[in-house]
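As a plain string of letters, each chain reads:
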Amino acid sequence: MKSPARPHASPSLEARQVSKSFLSGMVRVHVLQSLSIDIYGGELTLISGPSGCGKSTLLSLLSGLQSPDAGQAWALGEDLGTMTKRQLEHFRLQHTGFVFQGFNLFAALTAHEQVQLPLGYLGLDKRRSAALALQALDEVGMAHRAGAYPAQMSGGEKQRVAIARALAKEPQLLFADEPTSALDAENGQKIIDILHRIARNHGTTVLCVSHDPRLVRHADRVLTMEDGLIRNDWQSAGTPLSAVPTAVSA
Amino acid sequence: MIALARKTMVYEWRRFAPAVFAVGFSGVLLAVQAALVLGIFGSASIYVTASSADLWAGYPGTQSVNFGRDIGPDMEMYLRMDPDVVEVEPYLWVEGDWHGTTRTGGVPVFVSGIRTQEDAMMFSHLLPLSRRAQLREPNAVIVDRSDLDQLGTTVGGHAWINGHRVQVVAALTGLRALGGVNVLASQDTARRLQPSDSAGGTPYFVARLRNPSLAVAAQARLAAVPPGFGPLTVWTAETFAKRSRLYWIFDTGAGIAVLFMAAIVCLVGAVLTSQALMAVVASSAREYAMLNALGASLRALSKVVLEQACWIGGIGLLMGAAASALLLWVASRYDVPVSMTWTVAIGCAVLVMGLAVISGLFAVRGLQRAEPAMLLR
Numbered sequence: 001m002k003s004p005a006r007p008h009a010s011p012s013l014e015a016r017q018v019s020k021s022f023l024s025g026m027v028r029v030h031v032l033q034s035l036s037i038d039i040y041g042g043e044l045t046l047i048s049g050p051s052g053c054g055k056s057t058l059l060s061l062l063s064g065l066q067s068p069d070a071g072q073a074w075a076l077g078e079d080l081g082t083m084t085k086r087q088l089e090h091f092r093l094q095h096t097g098f099v100f101q102g103f104n105l106f107a108a109l110t111a112h113e114q115v116q117l118p119l120g121y122l123g124l125d126k127r128r129s130a131a132l133a134l135q136a137l138d139e140v141g142m143a144h145r146a147g148a149y150p151a152q153m154s155g156g157e158k159q160r161v162a163i164a165r166a167l168a169k170e171p172q173l174l175f176a177d178e179p180t181s182a183l184d185a186e187n188g189q190k191i192i193d194i195l196h197r198i199a200r201n202h203g204t205t206v207l208c209v210s211h212d213p214r215l216v217r218h219a220d221r222v223l224t225m226e227d228g229l230i231r232n233d234w235q236s237a238g239t240p241l242s243a244v245p246t247a248v249s250a
Numbered sequence: 001m002i003a004l005a006r007k008t009m010v011y012e013w014r015r016f017a018p019a020v021f022a023v024g025f026s027g028v029l030l031a032v033q034a035a036l037v038l039g040i041f042g043s044a045s046i047y048v049t050a051s052s053a054d055l056w057a058g059y060p061g062t063q064s065v066n067f068g069r070d071i072g073p074d075m076e077m078y079l080r081m082d083p084d085v086v087e088v089e090p091y092l093w094v095e096g097d098w099h100g101t102t103r104t105g106g107v108p109v110f111v112s113g114i115r116t117q118e119d120a121m122m123f124s125h126l127l128p129l130s131r132r133a134q135l136r137e138p139n140a141v142i143v144d145r146s147d148l149d150q151l152g153t154t155v156g157g158h159a160w161i162n163g164h165r166v167q168v169v170a171a172l173t174g175l176r177a178l179g180g181v182n183v184l185a186s187q188d189t190a191r192r193l194q195p196s197d198s199a200g201g202t203p204y205f206v207a208r209l210r211n212p213s214l215a216v217a218a219q220a221r222l223a224a225v226p227p228g229f230g231p232l233t234v235w236t237a238e239t240f241a242k243r244s245r246l247y248w249i250f251d252t253g254a255g256i257a258v259l260f261m262a263a264i265v266c267l268v269g270a271v272l273t274s275q276a277l278m279a280v281v282a283s284s285a286r287e288y289a290m291l292n293a294l295g296a297s298l299r300a301l302s303k304v305v306l307e308q309a310c311w312i313g314g315i316g317l318l319m320g321a322a323a324s325a326l327l328l329w330v331a332s333r334y335d336v337p338v339s340m341t342w343t344v345a346i347g348c349a350v351l352v353m354g355l356a357v358i359s360g361l362f363a364v365r366g367l368q369r370a371e372p373a374m375l376l377r
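In order, the protein sequences belong to chains A and B.
Residue 1 is where the first sequence starts when you use the working numbering, and the numbers rise one by one after that.
Residue 1 is where the second sequence starts when you use the working numbering, and the numbers rise one by one after that.
Keep in mind the hints are simulated off the structure, nothing from the lab.
Bear in mind that the values here come from a model prediction, so they are computed numbers and not experimental data.
Glycine included, each C-beta is placed from N, C-alpha and C at the ideal position.
Treat the hints with care, as some may be off.
What the hints assert, rightly or not - If the Cβ cut is set under 10 angstroms, some of the chain B residues that face chain A in the computed set are:
(1) S284
(2) N292
(3) R299
(4) A300
(5) I358
(6) P372
(7) L375
Generate the whole structure from the sequences, applying the supplied hints.
Dropping the structure here:
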């Protein structure tokens with residue numbers, strides 16, 4: 001089992017003085033304010049906080065789904081702000097996986113095909129992608145349901161397929177936005193365990209955003225956000241690293 | 001690669017059905033309109049297409065068969081002088097006023113004065129030899145079956161053309177005319193029906209060649225009319241038929257109106273199809289956004305939508321073709337003037353597929369809204 005590489009390893013995700021605001025009607029809402037953070041590989045990092053605190057926005061900036069109004073975001077040492085849309089798509093294809101609260105599975109595809117589909121965009125042939133997809137399904141305990149359609153699956157099963165879909169291409173970065181919010185306790189627990197195992201076994205950087213308190217005790221690191229700032233940075237050793245507005249460990 | 005487009009269409013066929021029907025209906029409307037145009041305006045050239053003549057000689061600048069003007073009788077000799085011409089016959093055209101026995105009003109008719117010999121060229125594709133022989137009776141005429149009611153007569157009944165009594169000896173199908181009623185008569189009968197103030201000339205001479213494939217070369221030779229012969233133009237039968245049809249389609253308001261309607265059909269079809277396809281894309285927006293988040297490019301996702309558009313076009317086309325064939329068969333059974341050629345049918349098919357692809361391109365724009373950030377809470 002891999003242990004967190006900090007503090008000597010370089011971070012896989014970095015945000016420097018990032019700010020983001022949105023126009024809500026006539027009012028401009030500042031969601032993130034000059035926030036800086038480093039996230040490391042091999043850890044399940046949880047960002048928690050109340051609704052509207054900016055945690056999903058931070059995830060979107062670090063994953064390249066959105067760009068900051070000010071500041072810079074790096075992923076795997078690459079400045080996301082300098083990439084074109086096509087380059088960002090290519091970067092995501094090569095390095096990132098996503099799990100969202102909505103499972104977003106295609107109704108017409110079986111579990112196996114759902115996982116196989118993104119692998120086709122990587123240029124893998126059908127045989128190889130089929131094998132990788134089955135392996136990913138096996139890792140989340142869904143190999144026996146490979147032929148099932150979304151309509152035949154429970155919420156927990158759908159989310160496990162969604163994780164397998166993100167996992168199949170063996171990404172270095174895995175982003176999860178409220179992955180357990182739509183699930184019951186038992187299924188939520190399973191998902192947390194899987195995410196944790198992925199971080200530990202694959203050395204993947206797992207960044208999870210959630211307000212689900214059940215996740216806190218399973219995370220290697222918990223960042224608590226409020227009003228667009230990180231109020232607390234805690235790691236599983238048990239001692240808070242810091243309790244400052246911006247948590248920059250480097 | 002997983003066949004996402006096809007699998008989605010098969011699994012969720014109900015969502016795609018409206019788009020398929022929209023394409024199918026557009027195809028039916030286009031095909032039926034085209035068939036009506038061909039059928040209605042094709043009757044402008046029935047005199048040429050129903051005859052076996054290879055060449056037509058008439059007054060220079062004649063735009064359509066019904067606009068013939070008299071040419072000199074010596075033109076027959078001019079045509080016969082060509083080494084490839086084996087037969088020449090005159091074709092008389094008399095415009096008359098028909099009065100039937102059950103109607104008092106006059107009906108404008110076009111009397112075609114034709115030879116009654118068995119090897120005659122005029123209307124040889126339409127007129128069985130037995131019917132042609134009936135025309136040898138003085139004052140015998142043949143009309144289209146669907147015109148009998150309008151003419152106020154029956155087969156075996158009589159009527160008057162330009163005040164001369166004629167007898168309807170038979171009725172055919174496929175003889176309907178634009179702007180009047182076609183009447184077939186022998187040349188002798190036709191001459192008797194000419195108004196007294198008419199010059200009594202012949203508007204056309206038609207010729208048969210040794211071999212129909214020599215038509216273009218013979219026409220080119222005969223086009224250079226030597227001095228001494230009166231004004232004359234020689235057309236191949238194909239050219240003259242096309243000339244007559246195009247005049248009615250493009251130089252009269254009726255043809256343009258029909259073409260305008262066809263354009264409207266295309267536009268409405270494109271709007272309906274693209275709306276249906278956009279609704280399908282919108283309903284899968286989150287799934288497409290998910291794929292985009294995982295790195296599938298917008299270009300790759302656009303291909304999925306365009307592939308679906310092509311499937312919709314293909315299936316709609318097949319349905320439209322089957323429905324059109326059925327409708328046109330029914331129409332022809334009821335003497336509705338419809339006609340279809342392979343060229344026009346393929347043209348309609350290309351338009352329908354183009355319509356589906358353009359709708360797909362419109363629907364692709366819906367993908368722009370499938371931003372991965374929309375998946376975040």
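Here is what the structure says about each hint:
| no. | hint | result |
| --- | --- | --- |
| 1 | S284 | 7 angstroms, holds |
| 2 | N292 | 7 angstroms, holds |
| 3 | R299 | 9 angstroms, holds |
| 4 | A300 | 6 angstroms, holds |
| 5 | I358 | 25 angstroms, violated |
| 6 | P372 | 5 angstroms, holds |
| 7 | L375 | 5 angstroms, holds |
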